[in-house]
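Could you put the whole structure together from the sequences, leaning on the hints where they help?
As a plain string of letters, each chain reads:
Protein chains: 2
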Amino acid sequence: MEKIPYKIYLEEQEMPTAWYNVRADMKNKPAPLLNPGTGKPMTAEELGGVFCDELVKQELDNDTRLIPIPEEIRAFYKMYRPSPLVRAYCLEEKLGTPAHIYYKFEGNNTSGSHKLNSSIAQAYYAKKQGLKGVTTETGAGQWGTALSMACSYFGLDCKVYMVKISYEQKPFRREVMRTYGATVTPSPSDTTQIGRKILEEFPGTTGSLGCAISEAVEAAVTREGYRYVLGSVLNQVLLHQSVIGLETKAALDKYGIKPDIIIGCAGGGSNLGGLIAPFMGEKLRGEADYRIIAVEPASCPSFTRGTYAYDFCDTGKVCPLAKMYTLGSGFIPAPNHAGGLRYHGMSSILSQLYDDGYMEATTAVQTDVFKAAEQFARVEGILPAPESAHAIKVAIDEAMKCKETGEEKTIVFGLTGTGYFDLVAYEKFHNGEMTDYIPTDEELQKSLASLPKVD
Amino acid sequence: MEKIPYKIYLEEQEMPTAWYNVRADMKNKPAPLLNPGTGKPMTAEELGGVFCDELVKQELDNDTRLIPIPEEIRAFYKMYRPSPLVRAYCLEEKLGTPAHIYYKFEGNNTSGSHKLNSSIAQAYYAKKQGLKGVTTETGAGQWGTALSMACSYFGLDCKVYMVKISYEQKPFRREVMRTYGATVTPSPSDTTQIGRKILEEFPGTTGSLGCAISEAVEAAVTREGYRYVLGSVLNQVLLHQSVIGLETKAALDKYGIKPDIIIGCAGGGSNLGGLIAPFMGEKLRGEADYRIIAVEPASCPSFTRGTYAYDFCDTGKVCPLAKMYTLGSGFIPAPNHAGGLRYHGMSSILSQLYDDGYMEATTAVQTDVFKAAEQFARVEGILPAPESAHAIKVAIDEAMKCKETGEEKTIVFGLTGTGYFDLVAYEKFHNGEMTDYIPTDEELQKSLASLPKVD
Numbered sequence: 000m001e002k003i004p005y006k007i008y009l010e011e012q013e014m015p016t017a018w019y020n021v022r023a024d025m026k027n028k029p030a031p032l033l034n035p036g037t038g039k040p041m042t043a044e045e046l047g048g049v050f051c052d053e054l055v056k057q058e059l060d061n062d063t064r065l066i067p068i069p070e071e072i073r074a075f076y077k078m079y080r081p082s083p084l085v086r087a088y089c090l091e092e093k094l095g096t097p098a099h100i101y102y103k104f105e106g107n108n109t110s111g112s113h114k115l116n117s118s119i120a121q122a123y124y125a126k127k128q129g130l131k132g133v134t135t136e137t138g139a140g141q142w143g144t145a146l147s148m149a150c151s152y153f154g155l156d157c158k159v160y161m162v163k164i165s166y167e168q169k170p171f172r173r174e175v176m177r178t179y180g181a182t183v184t185p186s187p188s189d190t191t192q193i194g195r196k197i198l199e200e201f202p203g204t205t206g207s208l209g210c211a212i213s214e215a216v217e218a219a220v221t222r223e224g225y226r227y228v229l230g231s232v233l234n235q236v237l238l239h240q241s242v243i244g245l246e247t248k249a250a251l252d253k254y255g256i257k258p259d260i261i262i263g264c265a266g267g268g269s270n271l272g273g274l275i276a277p278f279m280g281e282k283l284r285g286e287a288d289y290r291i292i293a294v295e296p297a298s299c300p301s302f303t304r305g306t307y308a309y310d311f312c313d314t315g316k317v318c319p320l321a322k323m324y325t326l327g328s329g330f331i332p333a334p335n336h337a338g339g340l341r342y343h344g345m346s347s348i349l350s351q352l353y354d355d356g357y358m359e360a361t362t363a364v365q366t367d368v369f370k371a372a373e374q375f376a377r378v379e380g381i382l383p384a385p386e387s388a389h390a391i392k393v394a395i396d397e398a399m400k401c402k403e404t405g406e407e408k409t410i411v412f413g414l415t416g417t418g419y420f421d422l423v424a425y426e427k428f429h430n431g432e433m434t435d436y437i438p439t440d441e442e443l444q445k446s447l448a449s450l451p452k453v454d
Numbered sequence: 000m001e002k003i004p005y006k007i008y009l010e011e012q013e014m015p016t017a018w019y020n021v022r023a024d025m026k027n028k029p030a031p032l033l034n035p036g037t038g039k040p041m042t043a044e045e046l047g048g049v050f051c052d053e054l055v056k057q058e059l060d061n062d063t064r065l066i067p068i069p070e071e072i073r074a075f076y077k078m079y080r081p082s083p084l085v086r087a088y089c090l091e092e093k094l095g096t097p098a099h100i101y102y103k104f105e106g107n108n109t110s111g112s113h114k115l116n117s118s119i120a121q122a123y124y125a126k127k128q129g130l131k132g133v134t135t136e137t138g139a140g141q142w143g144t145a146l147s148m149a150c151s152y153f154g155l156d157c158k159v160y161m162v163k164i165s166y167e168q169k170p171f172r173r174e175v176m177r178t179y180g181a182t183v184t185p186s187p188s189d190t191t192q193i194g195r196k197i198l199e200e201f202p203g204t205t206g207s208l209g210c211a212i213s214e215a216v217e218a219a220v221t222r223e224g225y226r227y228v229l230g231s232v233l234n235q236v237l238l239h240q241s242v243i244g245l246e247t248k249a250a251l252d253k254y255g256i257k258p259d260i261i262i263g264c265a266g267g268g269s270n271l272g273g274l275i276a277p278f279m280g281e282k283l284r285g286e287a288d289y290r291i292i293a294v295e296p297a298s299c300p301s302f303t304r305g306t307y308a309y310d311f312c313d314t315g316k317v318c319p320l321a322k323m324y325t326l327g328s329g330f331i332p333a334p335n336h337a338g339g340l341r342y343h344g345m346s347s348i349l350s351q352l353y354d355d356g357y358m359e360a361t362t363a364v365q366t367d368v369f370k371a372a373e374q375f376a377r378v379e380g381i382l383p384a385p386e387s388a389h390a391i392k393v394a395i396d397e398a399m400k401c402k403e404t405g406e407e408k409t410i411v412f413g414l415t416g417t418g419y420f421d422l423v424a425y426e427k428f429h430n431g432e433m434t435d436y437i438p439t440d441e442e443l444q445k446s447l448a449s450l451p452k453v454d
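Top line first, the protein sequences correspond to chains A and B.
Residues in the first sequence are numbered from 0 upward in steps of one, following numbering that gives the first Met the number 0.
Residues in the second sequence are numbered from 0 upward in steps of one, following numbering that gives the first Met the number 0.
Mixed in with the good hints there might be a few duds.
No distinction is drawn between identical chains; accordingly, a pair holds when it is met within one copy or between any pair of copies.
Capping the alpha-carbon separation at 20 Å, the derived lysine to any residue pairs in SDA-like fashion look like this [claimed, not checked]:
#, residue 1, residue 2
1, K316, V220
2, K2, R73
3, K77, E10
4, K2, A74
5, K126, V378
6, K322, V453
7, K6, N107
No wet-lab data here; the hints were simulated from the structure.
Remember, predicted model here, so these are calculated numbers, not experimental data.
Structure (structure tokens):
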């Protein structure tokens with residue numbers, strides 16, 4: 000048999016020309032967004048005040064299986080894609096496992112993560128609609144960076160509300176965004192009504208993702224020629240991210256490889272949803288079977304300890320309601336939580352698939368995650384983002400099980416990004432100062448008490 | 000004609016299997032290293048106290064044209080190589096130039112630069128010789144990071160002396176090295192005799208590359224089972240870096256492209272020497288002609304304003320003397336100089352080639368360099384290291400000349416690395432606080448007064 004290379008690259012002409020919409024193959028469709036005022040599903044018109052028209056279409060389209068990727072977006076994809084599918088020969092050898100481990104590496108672009116796959120699409124549609132600019136929030140900063148890059152490419156104004164504590168602790172992220180011409184405002188700020196209200200109520204607050212979302216939405220809807228864009232959770236984002244899975248599948252198919260286990264980290268679900276999309280499609284259509292595992296932080300366990308219910312998407316409660324596995328919109332991970340994967344809810348698509356039993360979920364504590372990250376870095380070269388290292392942790396665990404049983408399983412995981420901006424956390428880990436936190440049942444009950452009542 | 004893709008990747012089997020030693024094709028060989036005590040060329044035995052045996056051979060070998068790359072190194076190369084040769088379609092369009100611009104991007108690995116190409120080779124030979132570990136110095140931190148990665152891969156101890164001001168200003172670089180298990184000591188330190196002496200003489204000093212070299216060499220020669228390794232300047236390093244040029248040439252040849260101009264930034268010369276190697280070989284053999292341009296910082300202009308003479312390689316004067324274009328071993332770039340390219344001398348190979356008229360050199364001030372960096376980042380996506388941006392600056396200049404003349408020249412430049420750890424400098428640039436400095440003739444005369452007397 001032909002030896003599998005270290006890195007499988009697709010040729011340009013092998014790159015996907017359409018995104019795959021997994022909803023088309025779901026029998027139980029994800030629940031629609033609801034208008035918090037009326038409790039009725041959001042109409043295209045209502046959503047059009049917040050999102051670009053074309054993205055609203057994509058958000059609501061549960062039927063079209065393949066949605067063509069516009070030529071301009073494909074041209075941009077070619078600047079940094081295809082991303083390599085890497086055979087982790089060195090890790091396998093180090094572990095002494097008979098398992099075959101592959102990872103799809105999305106960190107080889109300046110945003111440092113997979114987020115660029117969706118930001119360039121969202122910026123393109125905003126430009127095409129003749130808008131002046133877009134607003135968004137960012138926590139760890141990957142999404143804000145990705146959006147800044149996309150906006151500078153299309154000449155759009157970009158306003159980023161960055162969670163205040165990240166703004167202060169990650170000044171370098173801010174500078175990357177400024178390099179791409181974005182305006183970055185620490186949130187909560189006095190530039191929005193909701194920001195001023197939150198500052199009044201909680202004067203010393205260091206901000207949260209839910210609060211930054213509220214500000215970004217307000218900044219968009221109160222400005223002529225602006226719309227709001229979001230980097231995860233939404234159906235449209237998972238659609239764009241399907242490019243990850245489509246490339247992964249094409250690369251595996253080239254060598255006739257069929258994975259047994261597919262693993263991805265899960266915060267809002269954009270990477271996981273993208274990575275598994277075409278595999279999940281086969282599973283839904285009964286054409287193949289795969290074990291699909293979502294890994295979330297033990298400190299923010301929406302899949303494993305949340306409730307499947309309608310909830311607010313943001314702290315200010317200005318957004319539509321979404322049905323998802325949620326910890327309650329007031330949930331904020333403990334201060335010792337490093338990195339992203341800190342959103343209180345999970346993509347509606349993945350929530351439905353999980354609820355229907357098509358995938359598993361597990362958690363990892365962060366000291367174990369950083370241990371896996373360091374182990375991986377030392378043999379595979381790449382310094383992973385803490386988010387991505389959740390998947391590494393579980394991939395290693397599964398590979399070690401294979402070592403015990405002697406099974407030659409094929410494991411594929413998503414390496415979403417690099418950890419260049421997470422070195423404060425790495426430093427804590429090296430100095431033995433990193434701690435773990437698992438929320439108590441009481442804490443979760445408390446944050447879940449704020450769920451809205453929906454008939 | 001077949002459309003050139005955005006990124007030309009070689010297949011694994013097209014990757015170089017031997018390094019190219021440009022010295023074999025040089026009529027005037029680079030001058031040998033001299034023993035500072037005797038003034039005589041360093042023997043293999045003398046060099047063997049400092050460097051690994053196999054590397055000493057490579058250092059002294061002016062004749063063997065192709066030196067096979069050991070299988071273990073080729074396996075590691077496959078983890079992060081081949082690096083892409085990128086057609087800068089977006090930059091060309093933005094500039095409106097008829098020129099065709101290509102860049103060889105070496106930043107897609109965690110060390111963030113081309114330095115890994117040589118560190119993995121040096122670590123391999125150290126391991127093969129049964130050594131316990133290696134010592135080195137690092138300034139901006141790219142080399143230290145690359146060496147840490149290589150040592151962790153082969154299970155070698157790695158001691159890095161990091162210029163004190165960088166150690167303090169770039170704590171994240173230090174943490175990356177620690178992730179790979181290296182010990183990082185700010186230099187000058189009290190762990191070496193020379194360090195203590197320098198600290199006594201200059202109590203408040205923030206260190207320099209020349210001083211860190213002295214400490215690293217002392218740390219190696221006074222320890223059983225250790226050798227010193229260096230990331231640039233040396234013949235062996237340029238040899239390893241020839242992999243950059245060989246891949247570049249193979250990728251261009253695949254599409255029948257012949258460059259007119261080849262541009263690289265130049266500090267100690269490792270990237271430039273590697274990038275141009277096979278092209279220079281053709282030029283030396285009279286088989287082809289290329290314009291080859293070295294770009295150095297106006298604040299550290301060894302080619303353009305230095306003297307071609309034997310000089311000390313380090314501040315402590317413990318190293319052999321090298322004949323090179325130099326500003327004097329006491330030269331330290333002004334404190335406002337950001338990034339690397341701060342060594343006082345230039346590779347002996349490149350110095351000889353430059354002196355023989357085979358290449359040109361030019362300078363750029365750093366505000367212009369950062370302007371070019373930002374322009375590039377916004378259209379090509381990649382956030383470049385300040386070092387690499389010197390080449391971008393001149394590539395853009397040359398492309399704009401083509402716009403004036405209408406010439407469809409092919410320009411190739413080396414994009415050596417990413418700027419993730421240079422965001423303090425980017426911030427200064429964004430805030431309008433970055434300044435330029437060009438040393439006066441008097442300053443250079445003063446630093447050149449320290450040149451050793453060699454018959």
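Results for each hint:
1. In this homomeric assembly, K316 and V220 come within 20 Å of each other (Cα to Cα) only inside a single copy, at 14 Å, whereas the closest approach across copies is 66 Å.
2. In this assembly of identical chains, K2 and R73 lie within 20 Å of each other by CA distance solely across copies; the values are 15 Å between and 30 Å within a copy.
3. In this assembly of identical chains, the alpha carbons of K77 and E10 lie at most 20 Å apart whether taken from the same copy (10 Å) or from different copies (18 Å).
4. In this assembly of identical chains, the alpha carbons of K2 and A74 lie at most 20 Å apart only when taken from different copies (13 Å versus 31 Å within one copy).
5. For the homomeric pair K126 and V378, the shortest alpha-carbon distance between copies (16 Å) is at most 20 Å, but the shortest distance inside one copy (43 Å) is not.
6. For the homomeric pair K322 and V453, the shortest alpha-carbon distance inside one copy (10 Å) is at most 20 Å, but the shortest distance between copies (80 Å) is not.
7. Taking the shortest Cα distances, K6 and N107 sit within 20 Å of each other both inside one copy (13 Å) and across copies (13 Å).
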